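*Asks:* Residue-level listing of the chains:
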Amino acid sequence: MLSYEAILLLIVLGIAISVVFVLISKFLGPKNPNARKKSVYECGAEPQGSARKRFPVKFYMIALLFLLFDIEAVFLYPWAKLFRELGFLGFVEMGIFMLVLIVGLIYAWRKGALEWE
Amino acid sequence: MDRWDGGDMKELAEWVIRDLFSKNPDTWQYTWAIYLAGMALAAVICLGFVAVFAGPVTWVERRTAGRIMSRIGPNRVGPQGVLQWLADGIKNLLKEDLIPDDADKPLFRLAPYLVFSGMFGTFVVLPFGANLIAADLDIGVLYLMAVTTLVVVGLLTAGWASNSKWALYGGIRSAAQLVSYEVPIAFALLVVVISTGSLSTQAIIKAQGGWPWQWFVAKNPFTFIAFFLLLTSAMAEGNRIPFDLPEAESELVAGYNTEYSGMRFLFFLFEEWANLWIMGAITTLCFLGGWQIPGVSPEKISASSGWTFVGWQLLSFAIFAAKVSWIVFIVIQARWTLPRLRVDQLMSTCWKYLVPMTLVCIAGVLFMDLYIVQGGITDKIIRWIMTLLGAAVIVLFFLRARYNYKMDKDKYPGLRNEKMWYPPYRMP
Amino acid sequence: MKVPLLSAMVFWAFAILAMASAVFVAFSRNIVHAAFALLGCFFGVAGLYLFLSADFVGIIQVMVYVGGVLILFLFAVMLTGKIRNPEKSNPSRAIPGGLVTMLVTLGLFGYLAFTTPWQVLPTVPTGPTTSQIGDALLGPYILPFEVASVLLLAALLGGVLLAGGVRGRSRLTGNEQDEAPRDSGGNT
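Same order as they appear, the protein sequences are chains A, B and C. So for the first sequence, this note's numbering puts the first residue at 64; every next one is plus one. So for the second sequence, this note's numbering puts the first residue at 400; every next one is plus one. So for the third sequence, this note's numbering puts the first residue at 769; every next one is plus one.
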């Protein structure tokens with residue numbers, strides 16, 4: 064457990080130092096904003112409309128695919144650690160597990176979910 | 400007083416309590432203070448290291464780019480421009496901190512810290528030398544992947560909060576890309592975990608040896624391929640060309656960091672260059688033997704004491720840093736040599752090539768592990784063949800660079816009087 | 769290892785982080801802010817897992833939930849049509865019914881919390897949990913484990929079917945098509 068408290072502390076310290084740098088920059092930097100500076104960049108022209116656009120569904124598909132394979136990888140890790148002890152039986156058990164997911168990948172591939180166009 | 404032979408900061412703190420204060424760390428009431436101090440020390444060392452690496456490597460990258468493009472590159476600040484990174488840092492510190500009016504201000508402010516902590520968190524489990532690591536976690540490899548997800552969220556946050564079209568496209572692209580390439584990384588790391596039987600970064604290194612044929616890259620043909628798959632995916636994860644779609648300058652201005660300025664902008668750049676070390680360190684520790692000193696076993700390092708111990712630590716760090724720098728240099732060269740992929744190519748590279756190939760590698764490594772006895776004669780022959788193959792790849796790399804250079808020389812009269820090798824101080 | 773003060777501080781930090789973010793998710797008017805607040809919630813829960821000596825589960829919580837589910841949620845939120853004005857997308861409805869449900873569950877949980885004879889167990893020393901999980905998955909729990917793969921497959925097939933119309937859409941580089949999700953199968 065202590066290792067994790069340590070990690071937390073490490074990250075908190077890292078963030079604290081970066082916050083300090085941002086504050087220093089705020090203190091040292093010039094402050095003369097105007098409307099042009101504070102508008103978003105759109106190649107120098109007046110920004111047209113809002114950038115709150117809808118995402119295409121493809122990104123959602125990618126995230127979904129990732130989630131499934133991520134979970135698969137998560138299941139694989141404890142097994143990979145024990146692979147030597149489990150031997151052939153573990154190999155077969157995991158083989159079935161992976162086969163089912165590989166079928167899913169092939170299906171997604173054939174259905175064109177992996178196509179980006 | 401005993402010698403200190405602990406693995407990480409926690410053990411160092413326990414050693415300090417036991418031997419400097421002569422107290423039992425389990426019962427002493429100020430144990431937590433020593434832990435805190437130890438961790439603060441680790442944080443400062445890691446942060447200092449990141450800064451000292453990420454800064455100069457920008458200069459190295461720009462000089463390399465100049466060399467590849469037949470121009471000079473930054474050479475004004477300090478001798479040969481080595482202090483360019485300091486000048487850039489100070490300049491960014493003195494810049495005006497602008498937040499667009501239309502931006503989602505809380506998220507806009509939050510994003511750089513998310514990205515920064517995602518990058519900085521990985522340094523906790525990255526070893527620097529034989530006994531130099533902030534925390535040797537039992538599940539180090541998984542921790543690496545878990546903490547880098549913060550970067551994905553940070554980039555998406557930055558893109559959405561900016562309320563700029565360029566930033567939004569960069570943000571969603573980067574999220575999709577990083578998320579996709581995490582799958583081949585997870586599978587390629589699995590190859591290493593199967594070969595090691597442990598998830599701790601130090602245990603992975605200790606499972607390898609100092610000599611090239613003892614590294615995992617030379618273990619069998621599948622680990623050999625997995626090394627390249629991991630390096631490729633790590634390049635994509637670090638947003639390096641040929642995978643730098645999120646901030647494709649020619650299409651998206653600057654991608655997710657278009658609206659950022661000053662210090663906040665610097666954090667994104669900082670993350671990007673620190674990522675070079677991270678990707679180099681991960682590939683090195685997984686496949687290239689990490690900090691292992693040829694001919695010196697980790698037990699021997701732990702058993703030494705006094706200045707010998709310090710010497711081994713420094714030597715192991717030097718070896719690790721040399722390997723990482725080599726990977727970093729290859730990645731930098733790739734950036735200035737290869738064209739950028741299209742989005743559809745990017746996605747099909749990941750899902751149609753890298754993922755199936757890593758799966759094949761896993762199956763192959765399993766098969767080899769089940770049927771080839773470690774240390775047996777077949778194992779030795781395979782390792783030697785793989786080592787020679789690796790050497791051949793490196794030789795080919797240099798021959799190809801030489802060939803390209805000669806071709807350019809014939810084509811462009813301006814280069815005819817240039818020497819192929821610069822003097823060493825001009826090399827980067 | 770006895771580090772009472774530090775441990776207690778970190779525990780409360782995580783607990784408060786998880787609770788506060790959950791409250792923010794429930795009450796935020798801005799749907800995107802609500803989705804981002806899940807980040808804090810997931811981290812708080814991961815921290816609590818670490819406190820239960822479940823290091824593997826804690827790290828997986830971050831890896832899967834922050835890396836996968838949160839990104840999925842953000843994409844889903846940004847896929848919706850009302851994203852142009854995130855401020856108005858979370859109206860409160862049926863407040864009386866919600867209040868009743870809240871009071872009933874609160875009473876139930878409160879009753880349970882105060883009547884259960886809680887046992888204080890001695891602290892178990894932290895050890896590597898990954899191997900134990902692997903043993904359990906491939907030993908006694910092999911059937912649920914294999915069924916889980918079928919569940920994942922079903923989710924994948926469902927996702928592919930829902931997004932089935934994706935193929936043959938206009939050239940897509942992650943931009944310009946405001947109407948892109950229109951033929952996504954579901955009513956977006």
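Everything labelled a hint here was simulated from the structure, so no lab data went into it. Being a predicted model, the structure only gives us computed values, none of them experimental. Where a beta carbon is used, it is the ideal one built from N, C-alpha and C, also for glycine. Treat the hints loosely; a few may be bogus.
Unchecked claim - Here are the computed lysine-lysine pairs in the DSS-like style, where the Cα-Cα straight-line distance is at most 27 Å:
(1) A:Lys94 / B:Lys494
(2) B:Lys751 / B:Lys699
(3) A:Lys101 / B:Lys699
(4) B:Lys490 / A:Lys94
(5) B:Lys504 / B:Lys494
(6) B:Lys504 / A:Lys174
To be verified - Distance windows between CB atoms, simulated:
(7) A:Ile80 / C:Ser775: 40 to 50 Å
(8) A:Lys101 / B:Leu493: 16 to 26 Å
(9) B:Ile489 / A:Ile78: 15 to 25 Å
*Asks:* Report the numbers of all earlier hints that the structure fails to satisfy, in ascending order.
*Replies:* 2, 3, 6 and 7
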